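Peer 1: For reference, the chains in residue letters:
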Amino acid sequence: MISSGQARLVAREEAALKWMSVSRVVKETLDTYTIYLKPKAGERFSFKPGQFNMLYAFGVGEVPISISGDPEDRDNVAHTIRAVGAVTNSLTRLREGGRVGVRGPFGRGWPMEEAMGKDIVIVAGGIGLAPLRPVVYQLISKRQDYGKVFILYGARTPNDLLYKKELKSWKGRMDMDVLVTVDKGDETWKGNVGVVTMLFDYVKLDPDNTYAFVCGPEIMMRFTVINLKNKGLPDDKIFLSMERNMKCGIGICGHCQFGPYFVCKDGPVFRYTQVKNFFGRHEF
Amino acid sequence: MSGKERPLLINAQDFDGLLSSLKKLGYTTYGPTVRDGAVIYDVVDSANDLPIGIGDVQGPGSYRLRRREDGALFGYVVGPHSWKRFLHPPTVKLYTISSNGKILASVENANQKMAFLGVRPCELQAIRILDKVLLEGEYPDPVYAARRKDVFLLAVNCVEPGENCFCASMGTGPEAKEGFDLCLTELLRPEGHSFLVKVGTEKGKELISSVPHRQANDDEIELASKLLALSRERMKKKIEINGLKDLLYRNLEHPHWDEVAKRCLACGNCTMVCPTCFCTTVSEATDLFLKHAERWRRWDTCFSREFSYIHGGPIRYSISARYRHWLMHKMATWVDQFGTPGCVGCGRCITWCPVGIDITEEVKQIGKRDGEVKVKVE
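Chains A and B, in that order, give the protein sequences.
2 is the number of the first residue of the first sequence in the numbering used here; add one for each residue after it.
14 is the number of the first residue of the second sequence in the numbering used here; add one for each residue after it.
Because the hints were derived from the structure by calculation, they are not lab data.
Owing to the predicted nature of the structure, the values given are computational and were not obtained by experimental measurement.
Glycine included, every Cβ here is placed at the ideal spot set by N, Cα and C.
Any given hint could be a false lead.
Said to hold, decoys possible - The calculated label-pair distances, taken between Cβ atoms and stated as ranges, are:
1. B/149 / A/115: 52 to 60 Å
2. A/219 / B/319: 35 to 43 Å
3. A/196 / B/319: 27 to 35 Å
4. A/77 / B/151: 21 to 29 Å
5. A/114 / B/115: 34 to 42 Å
6. B/275 / A/203: 30 to 38 Å
7. A/75 / B/296: 41 to 49 Å
8. A/174 / B/276: 54 to 62 Å
9. B/296 / A/157: 30 to 38 Å
10. A/207 / B/324: 46 to 54 Å
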């Protein structure tokens, strides 16, 4: 019981740690899993494409993970997690019924409203497709609200491609262009080989009417921005999702500071004009 | 309070009365005291706990106490502690979590009353800065909010600057202009030891009325302002604040970052003693049976490699980049984030740097070779 003489250490609802249980696990690649979480009975979860949650593995720790599911499905909260550290290893070992602590959603997402009526080019590298999948869901569900849609996706190898089934179904749609490439093919791969920016050769963008949503490793985003600018896209129509170490998710721990911003609350999605003086700068 | 009212005067021996009145009002009284050869901040029960007749000698990477010839109560400047340790404690337990799923979010006593005695003008500004960061953002920090709610600020002006002080150039001292309940200027005269008192708030007015006081006369007011003018003049270090933000933004690539890195040990002392550095990390503590986990927040430093770690490695793996990050934040990006620099000119980072890296010097060096490395800034 909290008496009147005590102050809660958690001031806002989304900042409170709560449990969700794993309802489904999809193995995407050798080390990457999509974990679907179910909110407590009677509760529903809403978020905006591009936002993230802080996920807590009991006894191990907490990490920021972008939400990779359908914003309209408020009963299954998806996170695509690559096992790269102690917490993500622990989270990806969870199976149905497992428990995950959740704080969130946090951060500013993609400019879905601002981009209404415009063409959209999504450029994703590797696991960078995860925070963009909610965008694709939303574009499909509100297809008439947007112009042409291009998805350019690159991964290291065919085995590293995420959401393979969905990629296939997106490719099958007549109302969007989906191009995929890998850095290195294998004997079964019949698609493009090369970095994601080479896919720009195959699409015709209307520079005056296109919004670009970009997420991937920083080096990939750097070259993507160069390509977009070469295509004539203005800086203020390019959006990037940044990644930095985070401990709190709410702008008080200082870890994700990036120039005059905290990535957790001012981002993770930034308009390129906001960050261009720092973006891509070595060790910044 | 208009602040235009005539200052008051109390005798030094009545300082104790202020302290006991604060205690009667329910405040825990914190103030300077000597421990381990340094003036630190802790609970003080009476004026006798203060460093009476103690002074300090500071330099880059050096700090020594000295005995003064007089019985000054505040004859030293800032030591390794700052008030952030009470408002934003070094360690806080956030959660206790059981393997059966029970989450116990920690609570903070919302009725705590703290009185800070001997708060220097630069430290008042540091508290204002912490308010901005931890209280006035989108997600106020509940720990800070609970602790900050009822703080009595008894400030003391700095009539003798320390060797590493540069508050005058930062515009934060040596005289407190606002943000205090009471502000004292210590007057050591042949005719007696006293304090000139400025009242900042109703709370301060009530407190001062609990001890014998009178209106200060013209001589006393003039003496105090002379002392403060002299203090400003005697302050050796300074930073040119005009244009500093742009200077640093222009020099993100500059040979001096690497030169500092040759000396910097990346120990993080500067961030621990800094009265405004607020960064924290969270660590997990579990029992051996994994039945019980606790999440603890503790001060962190941007000088560690782990601070910027993301999968694959740290963003800032060189010390040069970490020093740049820290200095840029203090003097440039902080201004864009919170409206003022994150530096108050207290000089602690200079004193407590084991190799004596001096922020005022480093900034000068950057200015000297401004624009030597051309950086495209659009």
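Peer 1: Decide, hint by hint, whether the structure agrees.
Peer 2: Hint check:
1. The beta-carbon spacing between residue 149 of chain B and residue 115 of chain A, approximately 28 Å, falls outside the hinted interval of 52 to 60 Å.
2. Checked against the given bound of 35 to 43 Å, the beta carbons of residue 219 of chain A and residue 319 of chain B, roughly 19 Å apart, lie outside it.
3. For residue 196 of chain A and residue 319 of chain B, the hinted distance range of 27 to 35 Å is satisfied, since their beta carbons lie about 31 Å from each other.
4. Separated by about 27 Å at the C-beta atoms, residue 77 of chain A and residue 151 of chain B satisfy the suggested range of 21 to 29 Å.
5. For the pair residue 114 of chain A and residue 115 of chain B, the beta carbons lie near 40 Å from each other, so the given range of 34 to 42 Å is met.
6. Taken as a hint, the range 30 to 38 Å is violated for the pair residue 275 of chain B and residue 203 of chain A, whose Cβ atoms sit roughly 49 Å apart.
7. Judged by the Cβ atoms, the range 41 to 49 Å given for residue 75 of chain A and residue 296 of chain B is violated: they are separated by roughly 33 Å.
8. Hint check: residue 174 of chain A to residue 276 of chain B, Cβ distance near 60 Å, so the stated range 54 to 62 Å holds.
9. Taking the beta carbon of each, residue 296 of chain B and residue 157 of chain A are about 33 Å apart, inside 30 to 38 Å as hinted.
10. For the pair residue 207 of chain A and residue 324 of chain B, the beta carbons lie near 36 Å from each other, so the given range of 46 to 54 Å is not met.
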